[in-house]
Amino acid sequence: MELLRVENLCKTYGSGETAVHALDNVSFSVGKGEFVAVVGSSGSGKSTLLHIIGGVDCPTSGRVFVDGTNIYTLNESKLAIFRRRQVGLIYQFYNLIPVLDVEENITLPLLLDARCPDKAQLDELLGMLGLTDRRKHLPNQLSGGQQQRVSIGRALINSPALMLADEPTGNLDSKSSADIISLLRAFNKKFHQTLILITHDHDIALQADRIIGIEDGRIMKDEVIRR
Amino acid sequence: MNVMKSFTLKSLRRNKKRTVVTIIGVIISAAMITAVAGFFTSFLNLLQRDAIESSGNWHAVIKDVNAEDFDTVIYDTAVDQAVLGKDLGYSVLRTSENKYKQYIYLRQYTKSGFDRMSVRLVSGRLPTALNEVAISESIGKSAGIKYRIGDTLDLELGRRETLDGRVIADNQSLYYEMDDNGNQTIGERIVTESTRSFIVVGVIARPTFEYSWSAGCGAVGYLDETAFSPYDAADIYLTASKLDRSIFNTIPALAEKAGKTADDVEFNTNLLRDYGVVENDNLHEFLTGFALVLIVIIIIASVSLIYNAFAISVAERSKQLGLLSSVGATRRQKRNSVFFEGFFIGVIGIPLGILAGYGGMAVTLAAIAPLLKSVINTSSDVTLTLVVTPLSIVAAVVLSALTIFISAYIPARRASRITPIDAIRQTEEVRLTRKAVKTSRLTRKVFGFEADVALKNLKRSRKKYRATVFSLVVSLVLFLTVSTYASMAGTLSGATYDGYNYDIGVTYSNNMMDRADMNDRIAALDLVESHTETANVSGTVRLEAKQVSEYTRRFQQPIQDGLYDLGMTLASVDDDTFISYAQTVGADAEEFYDIEEPRGILINHAQDYYTEDGKYLKKLSGDVLNLREGDTLAFAAADGDDASAKTTELAVGAVTYERPMGTLIQSFYASTLVVTEAVFNAVTNDFTEDQTRSIQHAIYLSTGDDQRLERQLGELTQGTEEISIHNIRSAARAERNISVFLGVFVYGFIILISVICIANIFNTVSTNIALRRKEFAMLRSVGMTPKSFNRMIRFESIFYGLKGLLYGLPISVAIAFLLHNMQQSVLSTPFTLAWHSYAFAILMILVIVFATMLYATKTIKKENIINALKEDGF
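Heads up: the sequence lines are chains A and D, in that order.
My numbering numbers the first residue of the first sequence as 1 and each following residue consecutively.
My numbering numbers the first residue of the second sequence as 1001 and each following residue consecutively.
Read the hints as simulated data drawn from the structure, not as lab findings.
Everything hinted at is true.
No more than 25 Å apart at the CA atoms, straight line, and that leaves these computed lysine to aspartate or glutamate pairs for DMTMM-like:
1) Lys1111/D <-> Asp1170/D
2) Lys1111/D <-> Asp1264/D
3) Lys1787/D <-> Asp57/A
4) Lys136/A <-> Asp118/A
5) Lys1459/D <-> Asp101/A
6) Lys1435/D <-> Asp101/A
Sample of chain D residues with no beta-carbon within 10 Å of chain A, all distances over it, derived:
7) Ile1145
8) Asn1249
9) Arg1521
10) Asp1623
Just so you have them, the derived chain A footprint on chain D, three or more residues with Cβ under 8 Å:
11) 1445-1454
12) 1785-1791
13) 1860-1868
Idealized CB from N, CA, C, for every residue including glycine.
Turn these sequences into a full structure, and let the hints steer you where they fit.
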């Protein structure tokens, strides 16, 4: 069953002769529960693609359907609510709120929804993330790996249908990297969430169900490696 | 340009908004300093021009110098400009209609002397030959002699002396003697020294050497400096080449060189005082001190703004400076980059500020000059205009530059200490602890998650906010203190000049001898429109309860059952006044002259200010007594402690609320009985010596031009200690104008200081928002809607404003209370706060903070989330 469909997506920076085409007529679709790795060299447009899918950047043209809704027809408030409830975005540089502690950072999407986090669910999540004894710490009191796990927790707390991860392990050592990836895979399998992950790491890419290769803003390859 | 400088300029350009706001701050600060300095010099200049107008533009005169010694004086290094003057003396004006202006008084000047002695031509031309004169317009106006241009004057000129041969000094008023029959006759004569003929060629305004009381009307003639014989002598009016206190030594020394003595030197103290050249100099010192206090306040407010701007800039650039440091920038280079920033801002801001300051002052002075005129009594054609001197410009530049230097000093030192490691570490974030950002659970429950984040943000950057909260507090306190003071002064001034029905009062003390003569002289002044001569004595009347009004009974206790002793003023007015007063009241004046059956007109009106239960002052107005025409009362003049004083039966001839000029409305314990002079003299005839001494004499005047009349009266009565002059109209007007005048300056000052504070708030808030761009983008990326973003900003503004109010309000209230206590001695009113000012101030603080926040977040809200997230804070 299809969860995400991208149609003729273009993103251009600048105009005229200096225009840079970060995305050039990209179209593909991803099914529910699929784990897709996006690979490509620096500046190939893969991060831009991810951001546009996540609703934090705007395409120059083209459409993005998530669960049948074209997200760029939504107004700003509805788009914010879409981000809050449907998408979990994980950045390379964690982007945590410095004044909020681990628990608050993780439950941020719920708090913005004025909802109370489910205690048991939160505890389970903290346990899986290995942050149980760090729940009251501020981001600056954590290591890089821990901070990344907090940002993963934040992406997962709403059990969003779509998980987007932009080189989540780019800044981490190999041990932490492995932990993070297996964590993401576990959620992908357990909750049947769709996961799109950008990586430079060949080994990580090989763990995915499908690999999409992007060069110069175009899809150069799209192969399913396991079904 | 070296790399440090270009880096600095780039960062200024990158933070265009903050740079502009800081430059505006510098402009305002320089403008205010310029305005204060400009006002100070303009005001002194006004005083100088006024002194020149009234006494001429010269510093000293050496009298009666022989012609052969002229060059000794004129070409002395101590002398800048010199003109010759010759005093030809007095000649009788035979047909004068003014009994006090019986002479013409002639002085001659060399050509440039007319200008230097402030001779103002009214018609015709100035004399250019020895046999020509221009006469004072007072000859026509006061003495009533109409000369026409071209008429010939035959003058027997000479000195005045008394009949027994004593010399009368110039400018003394005409000397009268009393003969055996009590009639006045002129007690002086003129000793003729020369007889000459002159042609009238022009009419001039009253010259500086003619006073309104002078016995002679002025006239000026021409003196040819080339036509002196060696035996002639003349007065030399001079300006000193070096104007300071040393002239009190150099000029007398010069006089001695010219064969004269120090006694022949007179200084133009009037003018010298306004140049600050006096032996002791209070006014000058006071003005200087006042200007300095204002400038210090301006500098403090400006430093708090500009310091903040530099501190923010250094904090923002710490990563940049750290990187520069890691590739080898020295401490000196880092420090100088901040000073260069200050230099750049100053080079743009200070010149603009000085222009703005002078421009603003020119407009303000033009607007308030008419008000000021009534406050400081200057000659009619001297007005306050802006004067720009090189010295005041230099002072403004130096002070503004100093302000910037002080502001940049600490940030520059901090910049010099930035190390490479600071660039790598985000120092502030590291220090953040859980405890610092801990908030009550209640906040989130009651106000929502946004409020909680807002509060945490506030707590996080406590230090950064401190300077801005300080600015908030300073502007709040300044504003509230001034408005509290203004409203208190308002309640005070309302009551002061109520019920006065004359313009100028001249009162005599009881040892004044020739009062009648002085009354005549005063009444003869051409500016007096009407006058009332009065005498009054206070005493008591004993009355039964039914004769006393209900109001009076409320305020006065009976001395025994049903009997009241109430104050009464027995007042006489001159016959002319009495006749018209009786007419106004509807009585027949003839009935009031019978000294066997004395009667008077009862003024039965009282007015009082009254407080009840600590509430506001209330004005009460009504009858004092229940008396009717035909009733009698027993008047007892006050006589020390003697209770058994003799009483006089007086009849009430009429009862009225009308008052003759000079009589004031009484309070409820007293009334006034107006009688004729004849009756008054009869009643007071058998007074004891003490009682006679308690009689007060005065003359009250109405006029169209109280200021000129007051000056004339001052000149007329000069030196007479027994006379005091009260210009009620001018006092009331001055009081009103002073409050307007002060209002313009004080509120102008407060507004500009507030603008600096607002600029400060704007800078810190917008920088703070800019630094948190990434964080805001983060919140939006995880799904914060614009609505809840606004909610968060709103809460942050409110918390922020509240913090300012938390400190500002108690301080303001405390100051208001102190002010209230200080003015308790003047008028006792209950302590109240100017609620509307407080409400306004509170609202303004919140609005300013909120508007700034809104403005600062406007761009951020529209910004692409990803662009903000990519920002690395460099």
